[in-house]
Amino acid sequence: MNKTAYLSLVIGLTVLVSQVLSPQALLANSPTQKISSNNRPELAYLKAVNGTAPVANPQLLFLLMAQYSNANLQREGAEYLSSLFDRYQPSLNNSQKAMYLCCIATLRAQAASSIGLLERIAHVNKTIEMLQESRDLSANKSFPINYISGVVLAQLPGFFHQSDKAEELLNWCLLHTSEAPHPGWLRELYYNLARLSTKKGQESSASHYLELSGYKTLDRPVSFITAFSEDSMQGHKFGSRRIREAVPGKVYVLSGFEFTEYYFVVSEDGKQLIAIDAGTRPDSAKAAYEALLAYAPGLPPLTSVFITHSHWDHIGGHEAFRAINPAVTFYARDNGAVELAKELNTPATFERYFFGERFKSEDVESFKADQLVKSKTELTVGGTRLHLIPVSGGETEDAMLINLPDLGVLFVGDFIMPYIGAPFVQEGNIQGLLDAIDVVTELKPRILLHGHEPLTANFSSTELLTQLKGQITWLREQVLTAIKKGDALADIHNANLIPPELLAGRQSTQLQFLIMREHLIDRIYNQNTGYWHADLTDVNHISRRQKAETLLAYLRISPHQVQRALNQLVNDGKYEQAADLIDLVEDQKNSGKSSFTTIKKTIYLKLMQKYQDTDPFKFIIYASKIKQQIPEIRINTDNSAAHDVN
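With the numbering used here applied, the sequence shown covers 1 to 646.
Treat the hints with caution; some may be incorrect.
[To be verified] The calculated lysine-lysine pairs, modelled on BS3-like cross-linking and capped at a C-alpha distance of 27 Å, are: (1) 250 - 286; (2) 600 - 216; (3) 216 - 625; (4) 625 - 601; (5) 618 - 469; (6) 126 - 165; (7) 250 - 271; (8) 627 - 601; (9) 469 - 374; (10) 601 - 216; (11) 165 - 216; (12) 47 - 444; (13) 141 - 271; (14) 216 - 627; (15) 165 - 47; (16) 444 - 485; (17) 600 - 342; (18) 126 - 97; (19) 484 - 469; (20) 469 - 547; (21) 469 - 444; (22) 574 - 618; (23) 286 - 360; (24) 625 - 547; (25) 627 - 360; (26) 200 - 216; (27) 97 - 47; (28) 199 - 165; (29) 600 - 618; (30) 600 - 574; (31) 216 - 199; (32) 600 - 627.
[What the hints assert, rightly or not] Ranges of calculated distance between the beta carbons of each label pair, as one might list FRET restraints: (33) 486 - 217: 23 to 31 Å; (34) 538 - 322: 39 to 47 Å; (35) 542 - 95: 31 to 39 Å; (36) 370 - 91: 43 to 51 Å; (37) 481 - 122: 51 to 59 Å; (38) 484 - 92: 53 to 61 Å; (39) 444 - 541: 50 to 58 Å; (40) 481 - 141: 48 to 56 Å.
Simulated from the structure, these hints should not be mistaken for lab results. Just so it is clear, CB atoms sit at the ideal spot from N, CA and C, and this is done for glycine as well.
Turn these sequences into a full structure, and let the hints guide you.
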């Protein structure tokens, strides 16, 4: 091998495959220092559930791989997954074997820069062989396997001659996008096709694929395998604009027009259109309605709107619906004004982060229902029977389930929002959630439709909700016991509380419990402690500026030392600690603030990456800290069951 080819190999292998660090964060090629799993409760949880038995939901395996990668623990992760593979292999089918091999190979590829130079080529060749074996085991027909193989191979230096194979695999995925685990996977698919097209001088194709990916340029410091998008004017969106029919010709679902979903129901007699909730802003409500008319011309006039609860993102667009039909009738709970008063006292900064600069609190404040619902109510709109069922919680006290018994459809709003109320509002009712689960289960709906797309995807059946009820009850008792013992909140999180049944073969809620656990603990702790905590937190009121003064003025830690500490924290995957430190020192004048710009961006990008699959609200907050914009992915409609309206 000549010197140029060898240097190309060494440089190329420092690039992570699906969890890419910024160039500034690649500070050393020495093996990463191992960290305690207590610093990452999510990683500890995923190790526990994956380490008990082969997981029924492969997403749990991919999440474990991603958490190891994000923590810069690729070598440790490859070794751990290899040990699981050796233990489980006799009981695995070919598809499962392929998944394990593919995840191990991905972490091996990412860890190549920590392998000694003399062993590196053999290490990479072995990784390529593992990817080939995983494709063989899956008969070359698995989207996740072909996708991951294509992305990994596309990152390798030309020395390994894998570009053509990478392009072949990614083009296969391009023809099978409907088989992707979720639309977020398409971002990196399009991005890597753009990179390969650029290498071949195919600028037109490269530009096309880059536009589909949502990235502005090929120079992106961190990869995101998420459908989320962030826009300063429009706020957060959970996915791209699209329309699908939950019940063909009857129930329309509009996603990606803004923060929340829009639902429209054609009445049984075909003469009236019913809306469920009214969105966040008049402009987005108007856009959603017009898109529906373009998708399904000839729809009847909008006559009724039923509000599942009085949060910003479910009533803020009401004026648009009144403009469409001044005679439209709004139905909402009789105690909605109490909920409305809580949210109108929320710091405006949170509203901008979530809903964009176009959001106006006046649009929420002006909402007034025409019909107030005090108790279970049955009515008929255009021949369609509706049952309006008040429940308490879990997110708000004014929640209302909207049941269409003849269609088997139940609209549940945000009753099982994992945050148990907005994290920045004093609300949420865990017992109300548990009671509401009983109500939902008794109704036995065929289709559950939630207020946000990720909720509909993750909390899709009454069987799952019934299992979760027991697990939430168990967790509440554990947290209350810990509070009585005087445990600090951070210690409760780091205890890695897992209901025994999730480690004893009952696996269908393992992902859902992870999504909810952190915020359930936070809400229970917040509602059962005072403003002085057992560890004396908040007894003394020391501001961030005063804490920074302790570091910089009294301990005389220089900006250079802070920079070194931040670099080490990033290398060790301790992004929350790094974020806390940089926020402290940025509050202090003459702290060398300007020199922290690059590392700050890296820290918050890695935090966004860490939570891109499990915690969209954290994703939003971290994006706001660095004003990160993430455009929408364009969906390939030729292979999608949903209609793209971009």
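Hint-by-hint comparison with the structure:
1. 250 - 286: 20 Å, holds
2. 600 - 216: Cα-Cα ~21 Å, so holds.
3. 216 - 625: 20 Å, holds
4. 625 - 601: Judged against 27 Å, a Cα distance of about 9 Å means the pair holds.
5. 618 - 469: Holds. Residue 618 to residue 469 sits at ~24 Å (cutoff 27 Å).
6. 126 - 165: Roughly 16 Å between the alpha carbons, so the hint for residue 126 and residue 165 holds.
7. 250 - 271: 12 Å, holds
8. 627 - 601: 9 Å, holds
9. 469 - 374: Holds. Residue 469 to residue 374 sits at ~26 Å (cutoff 27 Å).
10. 601 - 216: 17 Å, holds
11. 165 - 216: Distance ~26 Å between residue 165 and residue 216 Cα, so the pair holds.
12. 47 - 444: Status violated; Cα separation ~34 Å.
13. 141 - 271: 46 Å, violated
14. 216 - 627: 15 Å, holds
15. 165 - 47: 32 Å, violated
16. 444 - 485: 40 Å, violated
17. 600 - 342: Given pair residue 600, residue 342 is violated - Cα atoms ~33 Å apart, limit 27 Å.
18. 126 - 97: 16 Å, holds
19. 484 - 469: This hinted pair holds, its Cα atoms lying about 23 Å apart.
20. 469 - 547: 42 Å, violated
21. 469 - 444: 16 Å, holds
22. 574 - 618: Cα-Cα ~16 Å, so holds.
23. 286 - 360: 15 Å, holds
24. 625 - 547: 20 Å, holds
25. 627 - 360: Distance of about 20 Å is within 27 Å: holds.
26. 200 - 216: 19 Å, holds
27. 97 - 47: 18 Å, holds
28. 199 - 165: 14 Å, holds
29. 600 - 618: Measuring from Cα to Cα gives roughly 16 Å; hence the hint holds.
30. 600 - 574: OK: residue 600 and residue 574 at ~13 Å, within 27 Å.
31. 216 - 199: 17 Å, holds
32. 600 - 627: 11 Å, holds
33. 486 - 217: 23 to 31 Å: 52 Å, violated
34. 538 - 322: 39 to 47 Å: Between residue 538 and residue 322, where Cβ atoms are some 45 Å apart, the hint holds.
35. 542 - 95: 31 to 39 Å: 55 Å, violated
36. 370 - 91: 43 to 51 Å: 60 Å, violated
37. 481 - 122: 51 to 59 Å: 52 Å, holds
38. 484 - 92: 53 to 61 Å: With a Cβ separation near 44 Å, residue 484 and residue 92 fall outside 53 to 61 Å, so the hint is violated.
39. 444 - 541: 50 to 58 Å: Because 52 Å falls inside the window, the suggested range holds.
40. 481 - 141: 48 to 56 Å: 49 Å, holds
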